[in-house]
Amino acid sequence: MRARALLPVLLLALSCNGTTGYDLVQFYAAASGPKDAVAGKPYAFDAGGHHVVLTKATLHVGAMYLIQSRPSSGAGAEPCTLPETYVGEVRGGTDIDLLDPSLQQFPVIGDGSTIPALSGQVWLTHGDVNSDQDSADGEPILALEGTIDVGALATPFSASIHIDTGNRIVSQPSSASPGASPICQLRIVTPIPTDITLAQGGTLVLRVDPKALFNNADLTQLPRCGAGLCFSDSASNGDQPSINLFQNLTGAGAVYRFDWLSTAP
Amino acid sequence: MCHGHHIRSTARRVGQAASLVAVLVCGSSSALAQPGAVTPPTVVHHVDAVYPPSALASREHSDVVLTLTVDADGHVSKVDVAQSSGAADLDEAAVVAARQWTFTPAMRDGNAVASRIKVPFHFAPPAPPPEIVAPTPPPEGQLPTQSSVPQAPAPHSPPAPAPTAPSTTAGAPEEVNVHGRSTPPSVGASDFNLHVGHLADVPHQNASELLKLAPGILLTNEGGEGHAEQVFLRGFDAREGQDIEFTVGGVPINESGNLHGNGYADTHFIIPELVQQLRVVEGPFDPRQGNYAVAGSADYALGLEKRGLTAKYTTGSFGTQRMLVMWGPNGESEHTFAAAEAYKTDGYGQNRDAQRGSAYTQYEGQLGKGTYRVTGQIYTTSYHSAGVVREDDYQAGRIGFYDTYDHGQGGDSFRASLATDLETKVGDTTLSQQVFVIKRTMRLREDFTGYLLDVQQPWQNLHPQRGDLIDLDVDETTLGARGWARLQGKAFDLPQQLELGYFARYDQAAGQQQRLYPETAGSSTDALVPYHTDTNLQSNLGDVGLYGSADLRPGVKWIALRGGVRADVFTYDVNNLCAVQSVDHPSTTNPPGDASCLDQQARGVYREPNQRADTASTAVLPKGAVILGPFDNFTFSASYGQGVRSIDPIYISQDVRTPFAGIQSYELGGAYAGPAGPMTLVARSVFFSTHVDRDYIFDQTVGRNVIGVGTTRTGWVGAVRATGDWFDESANVTFVKSTYDDTHLLVAYVPDIVFRSDTAIWHDLPVHVGGEPFRGALSAGVTYVGQRPLPYGALSDTIFTLDANATLAWTHYEVGLSVTNLLDTKYRLGEYNYVSNFQQNVPPTYVPNRLFAAGAPRGIFATFAVNFGGA
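Chains A and B supply the protein sequences, listed in that same order.
With the working numbering, letter number 89 in the first sequence gets 89, and the count goes up by one each step, no holes.
In the working numbering, each residue's number is its place in the second sequence (first place is 1) plus 1000.
Read the hints as simulated data drawn from the structure, not as lab findings.
Relax, there's no trap hidden among the hints.
Partial selection, computed: residues in chain B whose CB lies under 8 Å from chain A:
1) P1458
2) Q1460
3) P1464
4) P1591
5) L1746
6) A1748
7) P1791
No experiment lies behind these values; they were computed from the predicted model shown.
We treat Cβ as the ideally placed atom computed from N, Cα and C, and that holds for glycine.
Same shape as in the complex, but just chain A (with noise of 0.2 Å):
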């Protein structure tokens, strides 16, 4: 009678009782500015000794990615699809007003698996990030507006920033690296350290600091525009500010973050 009753528990043992390990999810996106920015206000701070007052911020975000592996710095330009293992993508775009602190969503579900991710990417791209026109349309990936105190005086500045290969592709490459800095480099933000398992139906946030972009520019040697100054859009400009804020919107330095909230926004 035992032996009879032990072969069902058996075989019910030997059964798909277990798991291939980690989860396949569904998760929301959003992003946000700071947390004291106040929506619809001009957003004020100081950078490298001036006062700079934002009344537009619009930064275009085209896809995001978590990856498992956190790449070790220094280690050299990385192709731009990684060899490592994805955990987790949105596949679309939005713009997001930097001067809004709330949660701006994605228009995309992302997919992923509950692999813990400690890195992200930011594609700063309108559509294909190896085409060598960003937008038809011409559309900025970043747009700035504000004033910024130059002695006692505020003066108005803007910044549109365009990532196409006619104005950030300036030099020949190598003959025997011809494919080292392909334009998609310059268009991905990459590695955006992180700490971030995903789980279904939560929400990945991007948070961006818009201050961060302004980091280490001497903003005296911005050049003039009419009225006021503008950041130039082209890599063979030498002015320090442009390159400088092109460097930090490009870098993975403090602009970006990513934050999970374990619920829908």
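With the hints as your guide, set chain B onto chain A.
Same frame as chain A, but now just chain B:
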């Protein structure tokens, strides 16, 4: 297929013969037959011969001696007139009667085997006046008297003659000859000798599907009709046979050095109608098993039972047409045959067309006390395949269930082989020697990932994703031989057996894998042009194995100790012709550009693109089993074995030893084999556990297996085969759990439950034309596969399919109707979770998603067959 020695044992004729046979069977308390000895067949059902009216005029007493070939399923497959009565009508009457007899088959080591027995018929004319006396049937199980008896009289028939008394002529003892090839003893409950028999009527697309007669087999195929099936067996994803040692008549099928997977086994060259028997050993328990016997081994035994010329034509769904011609010369052995097949289909859905031709010939002759065979075959095929479909694309309506992303997928194959072998006996020693040569080419184009892999490298010119269509081709030549000597002796007054054998194989393999531009609907000039070389190998591989195996009775006749040890030496000499595919700081004066195989090292230092490596290693594999048979027809066994699988040549490094994966397997089992009322029953129950130290995991990004970590499989198998006069049923179920040793997570894609049933029934119908009855047959195959674990914690759908076949035969003609997937189930034959990007999405997708390979919808096929000149 007959297996057994050429032995001569005497048995009394007629009723005395039956008594002696009965004594021999009942007198044995052991289910363990002496090694090499055969228990003769016993009658289950007999039909008396009718004294033909045409012979009444002569009123002769006459004797006819017939030689009956009794198959392993107990049916009479062949009747020869050993001694004629001198009258053709009397001979014919005896033959007609004998064909209808059924037997409990001869048994050898607990396995049913074919046999030949001599049966005398005595004809005595009826004596006047007519007086009906009911004949006394012979005792059950005894050979009945062969006197003619009256049939039930027809209303206007002549008076029924009285039965004559059985002949009491004392004569010389009859001979029971059990002939055929010698078979190794069983290594436990997972040693399946599967006689196909009437189950050949169950629809089978190819020879691989006959494997389902063994428990726990699941076959999938996402690569097209010319691509080998992916085989799952007892918790193993054996890929395209890399974990199963496949042979046909002892000639290897596994391809060493095949770039798609070392051990790739394509059985499509085997014409399924020629498969008489399969020996499937689930586990590495037999010292005769060699490389690739990780999950087990499968040996196809070919033969053609129906003699004469048989032509068969099949047509049906998906534009399918098949022509098959088979020839079995009368008077020659069943293992002498020739067959040729031509086949074409448009396939179901998109991009599944195929064409193939196959020819197979074999001659078996006698050489002294032995037999020799010469076998040759040629096979060629060309096909397209649909590959996989993303579930989200299907659900969104972007692609159909039976559609394809890439019409460039497909391939072609060629196989030719020549083999000869000789088996003979010298005294107490049986000797066998076989040599073979195989030529094999294969081209395979598969696209599992779409536009994902063509990553921009710094030294390359700027390029977009050019597509992941993999083009793999192999060209292999194999030379080999095997032989053994089996010595029988006695100790403790019990038979003992010792076998020493060897196996040798040399493979020369060239394999190249490239990536092609896609074949788009717009027919680009770049279509199918290679743009990158992934791999280019030339390999010289050697495998020499020696084994010793013993079958011992340690003083108790119902205990058998079987096993031995095998040692294999593997040698590798691999030349990688594309060894350098990346370089740091490339030379500006010699920029690599888009070349795949580079001729420079870091900082531009020149080197040749190739790199050679050679190594060797030895595997010593003990294997053993204890077989207990204290009760008639029951056996219990405990088995242990170590197996080996040689590693892909691409992983070879200079002088790095142990280039193989090691396997340890255990099992406990019980089996019953014997009569059960009106049928023969074989039933088994087996618990098993197998560990692999380095398992294979299929990597879709490279299109082949890559080495993973250790895994363990634990499970249970139940199998039943019941055979009667008019039915044959085979059913089996396997439960298994496969886990990784380090994480104890489930191994993906391996089904935990597999159930299979094959059923065939047949009978003469009450319709006669020209005195010959119509014979009808129905058969069905049912498959159930439980949910399979997929990566990322997902589960696949279950699979349930039902195939059926009906045939109607009359004399030499037969018509049939087959329906595959009778319920027209839309099912996913293969399901996967991995990263793919078929739509050239912008932005691309880099996380895993569900993909599937569609199973075939319902197919209806009609078959017409005619046999000329069969005896």
